[in-house]
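Undergrad: What follows is the residue order along each chain.
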Amino acid sequence: MVVVFELRKGSSPGMACEVIHKAVCASIGVRPSRIVAASEGEVCRALNGKLQRRATRDSLLGDRLNILYDQVYYKPIEESSTVELGIEIEETELSLRVNPLCIESGAATTETPSVSETDALKIALNTEVRENLILNFLTNTAQKILRKPVDAHTPLMEAGFNALDLAECVIRIQGDLIAPSGSQLQLTNVDVHQLITLHSFARALLKSSEKCSHSILDSTMNIEIYCKEDSLGQADVLDMDCHFPGWSSSPEELWPNVWAPTKGCSGMSPPGQLHLFSGTASPGMPIVPRPTEMRLLIPASLQQATMYAGDHLVASSARSNYNAMIQFGAVGKLDVEALKMALAFLWRRHQVLRTTLILQVPQFPGLFYMTVTKVLYD
Amino acid sequence: MTPQEVKAEKSSLIQIIRPRDEPGGTIPLEVWDCTNGWNSSGFDSAADAIGDHVVTPFDMGVAMVRSLHVKLPSEIETPNKHLMMICIHHAITDVWSNRIILRDLLIAYSAYAAGAEEPTGLPHLPVEYADYAVWQWQHLEVGQFEQQLEYWKEQLANTLMTLNLPFDRERSETSNSYEGSRFPVCLPGKLVVALSNL
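From first to last, the protein sequence lines stand for chains A and B. Position 333, counted from 1, in the first sequence is what the numbering used here calls 333; the numbers after and before it change by one each time, with no gaps. Position 72, counted from 1, in the second sequence is what the numbering used here calls 72; the numbers after and before it change by one each time, with no gaps.
Looking at chain A on its own, in the form it has when it is part of the complex (with noise of 0.2 Å):
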C-alpha cells in the first residue's frame, strides 16, 4: 500500500510520514510500503472534492507527481498475485472513521489440497498452498461459528462476526492448529478490526508461523497483517492534512505547544484557576453556607444576570425563553389537597423557588450585570 497526501508549506514531511504510518497502522492494521509527500493541490479530487485514487496511482506511477518526500518502508514483494487494497479514511469532526476494508483479491483459492486440517500448518509446502490451507481451515471454522458460508474476501465484521465470535475462533484454532515445532499456537489480541478477512487471517498466520518455524510461537504474539503488492505498488490516498496550530506537524508535537507556548504559538492555559464560572469550588475557597447577613439579600450569579437581561432584552416581551417546564401526567383519583401541600412544601423546602429578581442600585460593586447589559447593546 502506497499513500500519497499533500504538504502543505512549512511542515515538516518525515513528521508528517511518521504520523501517517502510525495512524494507518493503528487504524487498519496495514503498514504502508510507501508515503509520499506530494505538494498542494497534487492529489487528484473530482469536481464534487471526492478523492480520485486510481487518478493519483496513474499520476504516481507515470512521475507526473510533485513528490515533496518519498518514504520507502519497504520494497513491495514480488508475488504473482494481486492484492487490492481500498481503504478509505474519512476525517470527521476530528475522528477517524474507517470504511470497512475490502480486499480484493486476484489470488485464487482454487484448489485445496486434501490434507486434515490439524497437519496443516507441519506440511511443508510452498507458501501458497499452505496460504491455501490455513484459509480453508479458517474458512470451516468461520463457517461452524456463524453456521453459513463466509466468504474469504468478505471483511469479518461485514459477515457478521462480533467479539465473541472471534474469541471463539481464536479457541478453535489454537485447539486445531499445531505450530511447526509442534506447540500450540498461542493468539493474543487478536482485533477483529485488525484481522480483516479470513483471507487477510490466514495470511497473518502463516507470517507468524514462518516468523516461529524454529521455535516455540512467542506466547504474546501480536498478529501484524502484512500486505503483499504487486511489483508496480498500489497507489492510494489517504486524506489527512498534517497541519495543526502552532506549527506543529503531529498531535504529539500540538499539546505542548497548547500547554507550554514555544515558537508562535500561544498558551491556552489561564493563570489560576479555571473554573471560576463552573459552579464547582476550588480547593481554596469552597462553597459553604452564606453568611447571616446575605440570608435573604444576595447578588444574583452573573448566570441569573445574562439570563435576566436575555429576558427583558428579547424582542417580544410577550414570551420568554427562558421558561423551564416539568410536566408529568397522572392516571387516576388524584389527591387535591395532598398535591397542594407537596406544592408549599416543595416551596418551603428550595430556596430556588422562593427567589426573586429585582434590578436595584448598586449594592453589590463588583457586579457586572451592566457588562452584561452592555455587551448586548454593542
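The set of hints was computed from the structure by calculation and includes no laboratory data. Among these hints, one or two may not hold up.
Straight-line C-alpha distance at most 30 Å; calculated BS3-like pairs for lysine-lysine [to be verified]:
1) A/LYS333 - B/LYS71
2) B/LYS71 - A/LYS340
3) A/LYS9 - A/LYS50
4) A/LYS22 - A/LYS9
5) A/LYS144 - B/LYS190
6) A/LYS50 - A/LYS22
7) B/LYS190 - A/LYS22
8) B/LYS71 - B/LYS81
9) A/LYS340 - B/LYS81
10) B/LYS190 - A/LYS50
11) A/LYS333 - B/LYS81
12) B/LYS190 - A/LYS148
Fit chain B to the supplied structure of chain A, relying on the hints for placement.
TA: Chain B in isolation, oriented as in the chain A frame:
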C-alpha cells in the same frame, strides 16, 4: 421594563429570597377543569391556557415559579386523567434541578396523600444556589474576573491562528459562511481510549 431602563447606569441585580415561613407562601396553582370534555371550556381556550402557562414571562420581582393542573377530558377506560405542569424560570433551575424538584414533589405528594405530617427521607440541603451566587461574587470581589478577562483579552488580541484540522476539503480563504452541520459517528472503543489518552 424597557431596555432603556435596564441600561440605567450602575444598576445591579439582586436576588431576594422570600422567607420560608411567609404566610400563604406556596407555588401558585392554577386549575383547569376539562373533565366534561374540551367543549365545556373550549379546547382552544384550554390549549391557549396551557400555551400561556408555558411562555408568559414572569414578573421576576414577584415570583419565578407557577404551576398548572389540567383535568383532562374523561374517557371510558381512563376516567381520571391529569396533566400537571410546573413552570420555573431558567434563572433558578436547570435540567438537573428539575429532576430533583420533580422527585421531591412526588415524594411529598405520596407522603401527604398517605396522611403523613411531613415527608421524610429527603436529603438535608446544607448549600443552596444563593450560596453559590455569594461564592461567585466573593471571587469577583478579589479581582479574579478582571484577571481572567485581561488574560483572555491578551490571548485573543491578535488575529487568531487558523485551526487547520484535517478537514475533508480545502478551507475557503474568502467565504466563511459559518454554515455547519453535524455528523455523528461511532468510534471503535480502542480509538476512544486512545483519544482520551492523548
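Undergrad: Determine for every hint whether it applies to the structure shown.
TA: Hint-by-hint comparison with the structure:
| no. | hint | result |
| --- | --- | --- |
| 1 | A/LYS333 - B/LYS71 | 11 Å, holds |
| 2 | B/LYS71 - A/LYS340 | 15 Å, holds |
| 3 | A/LYS9 - A/LYS50 | 22 Å, holds |
| 4 | A/LYS22 - A/LYS9 | 22 Å, holds |
| 5 | A/LYS144 - B/LYS190 | 28 Å, holds |
| 6 | A/LYS50 - A/LYS22 | 24 Å, holds |
| 7 | B/LYS190 - A/LYS22 | 15 Å, holds |
| 8 | B/LYS71 - B/LYS81 | 6 Å, holds |
| 9 | A/LYS340 - B/LYS81 | 17 Å, holds |
| 10 | B/LYS190 - A/LYS50 | 28 Å, holds |
| 11 | A/LYS333 - B/LYS81 | 8 Å, holds |
| 12 | B/LYS190 - A/LYS148 | 29 Å, holds |
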